[in-house]
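K.L.:
Take these sequences, add in the hints, and give me the full structure.
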Amino acid sequence: MLKYIFLLFPLFALSQQKIPKKTNTIEVKGVSFKEVANSLLDAGYAFEKTDSNFQTIKTEFKDGVGKNKWMKLRLMTRVKDSTATITGEWYNTMFIGAKLLGVDQTIENSTYKIEYTSGNPKNCFLEMNAFANSFKKAITYLVK
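If you count the sequence shown from 1, position 50 lands on 50 in our numbering, and the numbers rise without skipping.
One thing to keep in mind: the hints can contain errors.
Straight-line distance between alpha carbons at most 27 Å, and here's what the computed DSSO-like set of lysine-lysine pairs gives [claimed, not checked]: (1) LYS99 with LYS144; (2) LYS21 with LYS99; (3) LYS99 with LYS29; (4) LYS62 with LYS72; (5) LYS137 with LYS99; (6) LYS62 with LYS136; (7) LYS34 with LYS99; (8) LYS122 with LYS144; (9) LYS72 with LYS122; (10) LYS113 with LYS62; (11) LYS21 with LYS69; (12) LYS18 with LYS122; (13) LYS49 with LYS136; (14) LYS137 with LYS49; (15) LYS58 with LYS137; (16) LYS122 with LYS69; (17) LYS113 with LYS72; (18) LYS136 with LYS99; (19) LYS136 with LYS69; (20) LYS144 with LYS113.
Treat the hints as calculated values from the structure; they're not laboratory data.
P.N.:
Structure, rendered in C-alpha coordinates:
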(Lines of atoms letter the chains of each structure in order from A; the text may use other names.)
(Lines give C-alpha, C1' and ligand atoms only; values in the text may rest on other atoms or scores of the structure.)
Protein backbone atom coordinates (compact mmCIF):
# COMPACT_ATOMS: atom_id res chain seq x y z
CA MET A 1 0.00 0.00 0.00
CA LEU A 2 2.83 2.39 0.88
CA LYS A 3 4.42 1.98 -2.56
CA TYR A 4 1.17 3.18 -4.20
CA ILE A 5 1.21 6.36 -2.13
CA PHE A 6 4.74 7.12 -3.34
CA LEU A 7 3.67 6.53 -6.95
CA LEU A 8 0.92 9.16 -6.59
CA PHE A 9 3.13 11.72 -4.83
CA PRO A 10 4.69 13.24 -8.01
CA LEU A 11 1.23 13.82 -9.53
CA PHE A 12 -0.01 15.40 -6.31
CA ALA A 13 3.10 17.58 -6.02
CA LEU A 14 2.77 18.86 -9.60
CA SER A 15 -0.93 19.62 -9.26
CA GLN A 16 -0.45 21.57 -6.03
CA GLN A 17 2.13 24.06 -7.33
CA LYS A 18 1.16 27.59 -6.33
CA ILE A 19 0.78 29.99 -9.24
CA PRO A 20 2.47 33.35 -8.53
CA LYS A 21 0.39 36.50 -9.06
CA LYS A 22 0.89 38.14 -12.48
CA THR A 23 2.18 34.89 -14.03
CA ASN A 24 1.90 35.29 -17.80
CA THR A 25 4.12 32.50 -19.11
CA ILE A 26 3.94 28.74 -18.63
CA GLU A 27 6.76 26.35 -19.47
CA VAL A 28 6.04 22.67 -20.08
CA LYS A 29 9.08 20.40 -20.00
CA GLY A 30 9.57 17.25 -22.06
CA VAL A 31 7.40 17.99 -25.12
CA SER A 32 8.07 18.16 -28.83
CA PHE A 33 6.93 20.74 -31.37
CA LYS A 34 4.71 18.13 -33.01
CA GLU A 35 3.08 17.27 -29.65
CA VAL A 36 2.32 20.94 -29.00
CA ALA A 37 0.91 21.43 -32.51
CA ASN A 38 -1.33 18.36 -32.23
CA SER A 39 -2.51 19.36 -28.74
CA LEU A 40 -3.42 22.86 -29.93
CA LEU A 41 -5.44 21.38 -32.79
CA ASP A 42 -7.10 18.89 -30.43
CA ALA A 43 -8.02 21.77 -28.10
CA GLY A 44 -9.82 23.53 -30.97
CA TYR A 45 -7.22 26.14 -31.89
CA ALA A 46 -6.51 27.03 -35.52
CA PHE A 47 -3.07 28.23 -36.56
CA GLU A 48 -2.58 31.80 -37.69
CA LYS A 49 1.16 31.44 -38.15
CA THR A 50 3.69 28.63 -37.71
CA ASP A 51 7.44 28.57 -38.09
CA SER A 52 8.97 25.11 -38.00
CA ASN A 53 12.53 26.52 -38.07
CA PHE A 54 12.03 28.42 -34.81
CA GLN A 55 9.34 25.98 -33.63
CA THR A 56 6.77 28.68 -32.93
CA ILE A 57 2.99 28.70 -33.31
CA LYS A 58 0.61 31.62 -33.04
CA THR A 59 -3.04 30.58 -33.00
CA GLU A 60 -6.06 32.46 -34.23
CA PHE A 61 -8.42 33.80 -31.58
CA LYS A 62 -10.80 31.13 -30.31
CA ASP A 63 -13.97 31.39 -28.23
CA GLY A 64 -13.42 30.92 -24.53
CA VAL A 65 -15.33 28.30 -22.55
CA GLY A 66 -17.34 28.47 -19.33
CA LYS A 67 -16.76 31.79 -17.58
CA ASN A 68 -14.85 32.92 -20.69
CA LYS A 69 -17.77 32.63 -23.12
CA TRP A 70 -17.52 36.36 -23.96
CA MET A 71 -13.76 36.17 -24.39
CA LYS A 72 -11.59 35.29 -27.36
CA LEU A 73 -8.20 33.76 -26.59
CA ARG A 74 -5.08 33.13 -28.62
CA LEU A 75 -2.00 31.18 -27.58
CA MET A 76 1.58 31.64 -28.68
CA THR A 77 3.96 28.73 -28.18
CA ARG A 78 7.64 28.15 -28.73
CA VAL A 79 9.41 24.83 -28.28
CA LYS A 80 13.11 24.94 -27.54
CA ASP A 81 15.19 22.13 -26.04
CA SER A 82 12.02 20.03 -25.42
CA THR A 83 10.44 22.85 -23.38
CA ALA A 84 7.27 24.56 -24.60
CA THR A 85 6.84 28.20 -23.59
CA ILE A 86 3.18 29.23 -23.67
CA THR A 87 1.82 32.77 -23.53
CA GLY A 88 -1.47 34.24 -24.65
CA GLU A 89 -3.72 37.19 -25.39
CA TRP A 90 -7.43 37.81 -24.91
CA TYR A 91 -10.16 40.33 -25.58
CA ASN A 92 -13.79 40.74 -24.55
CA THR A 93 -16.12 40.40 -27.55
CA MET A 94 -18.82 42.52 -25.88
CA PHE A 95 -16.74 45.70 -26.19
CA ILE A 96 -15.60 45.35 -29.81
CA GLY A 97 -17.39 47.91 -31.97
CA ALA A 98 -18.45 50.02 -28.98
CA LYS A 99 -17.17 53.41 -27.96
CA LEU A 100 -15.48 53.47 -24.56
CA LEU A 101 -14.32 56.80 -23.11
CA GLY A 102 -14.65 58.29 -26.60
CA VAL A 103 -12.47 55.61 -28.23
CA ASP A 104 -13.80 53.08 -30.75
CA GLN A 105 -13.00 49.63 -29.40
CA THR A 106 -11.28 47.35 -31.90
CA ILE A 107 -9.52 44.02 -31.50
CA GLU A 108 -6.18 45.82 -31.91
CA ASN A 109 -6.74 48.27 -29.03
CA SER A 110 -8.69 45.87 -26.78
CA THR A 111 -6.32 42.89 -26.67
CA TYR A 112 -4.52 42.14 -23.39
CA LYS A 113 -1.91 39.67 -22.17
CA ILE A 114 -3.24 36.62 -20.41
CA GLU A 115 -1.99 36.75 -16.82
CA TYR A 116 -2.85 35.32 -13.44
CA THR A 117 -4.37 38.35 -11.69
CA SER A 118 -8.14 38.54 -11.19
CA GLY A 119 -11.37 38.63 -13.19
CA ASN A 120 -11.19 38.04 -16.94
CA PRO A 121 -7.37 37.87 -17.20
CA LYS A 122 -7.30 35.20 -14.46
CA ASN A 123 -10.12 33.19 -16.06
CA CYS A 124 -8.29 33.27 -19.39
CA PHE A 125 -5.06 32.25 -17.62
CA LEU A 126 -6.86 29.28 -16.06
CA GLU A 127 -7.94 28.18 -19.55
CA MET A 128 -4.35 28.53 -20.82
CA ASN A 129 -3.18 26.61 -17.74
CA ALA A 130 -5.67 23.80 -18.44
CA PHE A 131 -4.11 23.47 -21.90
CA ALA A 132 -0.60 23.33 -20.38
CA ASN A 133 -1.70 20.74 -17.81
CA SER A 134 -3.15 18.54 -20.57
CA PHE A 135 0.41 17.39 -21.33
CA LYS A 136 0.71 15.90 -17.82
CA LYS A 137 4.35 17.02 -17.66
CA ALA A 138 6.36 19.22 -15.32
CA ILE A 139 5.23 22.86 -15.41
CA THR A 140 6.98 26.08 -14.42
CA TYR A 141 5.16 29.40 -13.98
CA LEU A 142 6.97 32.61 -14.92
CA VAL A 143 6.33 36.36 -14.74
CA LYS A 144 7.94 37.95 -17.82
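K.L.:
Of the numbered hints stated previously, which ones are contradicted by the structure, given in increasing order?
P.N.:
1, 2, 3, 5, 7 and 18
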